[in-house]
Amino acid sequence: MYRLSLWCILALVFGCVPGSVVAQVTMEARLGLQGVLRLGKWNVVTVQVHNLGGAVMGTLGVRTWLGSEARGDFHTTTFTRPVELPPGARKRFTFAVPISGIADPVEVTLRTGETVLAQQRLDLREALHAEQVIVGLTQDVSLDFLATVFTKTHTRVVYLPPSELPQHWSGYDSVSAVVVKGVSLQALSVEQNTALHEWLANGGTLIAAGDSQYTLLTEPRLRTLLPVEVLGLQQVEGLPAFVARYDVPFPETPMVVVRARLTRGQVLVGTSDAPLLVQRRFGKGRVVFLAVDYAMQPFPSWQGRGALWNDILQTPENVDFARLFAELGMLDETHPIMKLFGRPVLDFPSHLTIVGYLLLYCGLLAVLFWRMSKHQERCWRYWGGVVVVIVVFALSALSPLLERGLNQPALIFDVTTMELLSETGYAHLQGHLGVFSVRGGQFDLAFQQPETILRHTFTRGVGKAGKDLEASIAGSFTLHNIALEPWALRVFSTESMAPTPVQVIVQPHAAGLTIQVQNRGALPLQGATVVYQGKIFALGAVAPGEAVFDDLYPTLRNAESAQEMTWRVLLKRRPAEADTRIAYLQEVLLQQYFGDKRLAEASETPFLAGWLLAPATLVPASAAWPAQGVTLVVSRLTL
Amino acid sequence: MVWIPCRRAWRNPIFHGGLAAFAQQPMYRSYSLNYIAALATVLLITWPKEGFVNLRDLPFTYNALGGTTLIILAYLNVSQGATRSLGSRYLSLHDWLVLAPVPAGRFLRGYLAASCLELLLFWGLSFPLLILAAHVSGEPLLHLGTGMLIILVCVGSYRIVGVTLLTCFERDEFLLYILVRLLYVFFILGSGFVAPLYNPVLAFADASLWPHRLGSVTLLGLTLHGWVVTVVLHLLLGGGSFIIALARVHWVQRRGAPRETREEDRGHG
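Going down the list, the sequences are from chains A and B.
Per the working numbering: the first sequence = residues 1 to 639.
Per the working numbering: the second sequence = residues 1001 to 1269.
The shape of chain A in the complex, shown without the other chains:
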């Protein structure tokens, strides 16, 4: 009887739900690149949705847990994007989300309004974890041996078809290297190609290996990246250059290698006319050319291939303590925003002003009272004067002595370091953001770059911060739902890539350098300065659309300041600003970037430094919550 009633109730419940909602959408979510994850990095989550019912307009969200309970910064971030599913549609969506631990699952939800259409929990304990992920764009699976080459770094190799390569550079965050062999990059979409370039510029490694289909190496996309010009194939008897480099005998059997000629970069094995292993810098990353087909015999059985791949990948075997400390929150107090809050960033009336105000107020009242006692018959007039004094002083306290910063919903700071990655056409932006709420509330942050990575966030202050952030990645990147109680600060560290707004070309000559700085951005580059051999060369301001040429002669400059801290020297030479608080933002940025390096040490490689006096990470013009910010532009000059 009871069972029957239960079935009736269930039937009634399902009967009431609209038909389009029940099991009309199927969803399958997959973690990482073919299930491989790298903790502490942004990993790909791929969601496939199949709509079997009527048209659906909804929101697809991926929720991850970050931070630690012990540090008190445990929070969730839900990455959302709108989804439009016509009847019968089958769509694939990729998200890049941060994953720092395996304790909590990643939750993927498709909903329309408040109704959940499909939900899936991805257990991170079941995923394949690695400390190094190598992506193989190859026709075969001949890179598997790499998993055993690196004894200290747990390595996994993932073979992807070109169509599954990430669309945005953040999708490569967990990837250490991409190996291309016998596959054309021409098939990549424009977005995929840009993402690959941005990732490379930001420190990725691309390895192009020799293959019988050598013409693929001459295709435009790969050709522009390679450090060599590929000429054809040639047959060789053994590889004595490898033997010489790695001190491991190589069988002297005939084999085919790619014939090439060095165009730029550094030959590691071979000669510039017959290079076997060449690398070139591409921003912070590297492009490596290996003339040999590593999958062809006798290479797979060669004992020296471990050393060769160590040379190619240059995997750091040491523990990255800086990163570890940052993840443990031990560097939170040295965050630029925390340093900024150690400086007088507000504009209160000084004690002197207040003393003057109070003396005037008390003095005027005393005079009126004194006059009142002398002229009793006119006391009403003086009482009127007392009222006027109160009103006038109240009004003056209301406006001229108002501290603007504390009397707006939130103080938002954006101090960003923009590193121009020479010869890549991209700039790497490292943003340090702070949202300080005086009175509490919910805030949103709109970012300039659609692909911005949130590296770290923590809170400080008396009030608490909300634990559920929402990141909307539809078109632009916006962080919603930053809930803060009164007197609470939330700090973010971000990373993004952007087309470089300043182009720097440098040519060494006998006595120094010739430099050309072209500003392609919308903001003037202020206080442009070149530091070379411990000497400072001021270039001044470069207006938008303008270019500055200069010849720099280090021998003509004295080096008296070479032992000074770099940040201090550059701070002294910053552009003069009316608002002294900007100087505090500049100071923390310079300290963050240059640390305690002296001018002589910092300028071993010449660099250009300048200022954009506007935020570069956040969208500056939001009337409700204006962001205060400056951007330090730095470009390392390769001679």
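Hints listed in this document are in silico derivations from the structure and should not be mistaken for laboratory results.
Idealized CB from N, CA, C, for every residue including glycine.
Lysine-lysine pairs mimicking BS3-like chemistry, simulated, CA-CA at most 30 Å apart:
(1) Lys284(A) <-> Lys152(A)
(2) Lys572(A) <-> Lys597(A)
(3) Lys597(A) <-> Lys284(A)
(4) Lys1049(B) <-> Lys339(A)
(5) Lys339(A) <-> Lys467(A)
(6) Lys464(A) <-> Lys1049(B)
(7) Lys284(A) <-> Lys572(A)
(8) Lys1049(B) <-> Lys572(A)
(9) Lys339(A) <-> Lys464(A)
Derived DEER-like restraints, expressed as beta-carbon distance ranges:
(10) Ala583(A) <-> Ala1021(B): 58 to 64 Å
(11) Arg404(A) <-> Trp1003(B): 35 to 41 Å
(12) Ala394(A) <-> Leu1219(B): 33 to 39 Å
(13) Pro1026(B) <-> Glu333(A): 55 to 61 Å
Please build the complex by placing chain B on the supplied structure of chain A, with the hints as guidance.
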């Protein structure tokens, strides 16, 4: 609507007389200067270090100044309310009622209105300083307005309590002296421990950015902030005290009339 009680007060002979006396008396002037000097000192001491944001502590200036204002004004109003403010201090309530033959209600209203002039002066004098303190503590104008309302209502009710004590115990000055001080200590200090919702200083802090220590009270399905309850309780206290004082004035007036007649008869005899 607001104009009617003002017009009535203006026509009230007791208030009229009290207003003239208030304007002429030098005592209020020296009191006000001392009061402003005390508040200015508190403001200067608690003024934040120039331009720094102390993340670990909430701003203190506004609550320190508001608390000091309340502590000073509470004492001033309980004690001054219980002091004969009009005419000679040797003139009793009975004498007043004989000298000014007006209905008891009119007399009490006029007396209270005249007595509250001092309260309004002090309240107004602290306004510019509280604005400064509010701005430097990040308090919005709404909080400032609420704070000023709390000060006005609480201190006004203490004034009525003082006047009630005066009407009841005017003949026993020692008892009056002790009662005034006991009540003051309770209002400002004791209530904080015994009945926090009754404490004006806590209510003032509750209406600021500081954490809401008073919590909220749900009454008939309506959730009220702690400071709202404090204001309502003080309004009730003021109203209750006014009724007691009115009853006392009525009683004195009724008891005084036959006695006067008897005295007149004795004079004629």
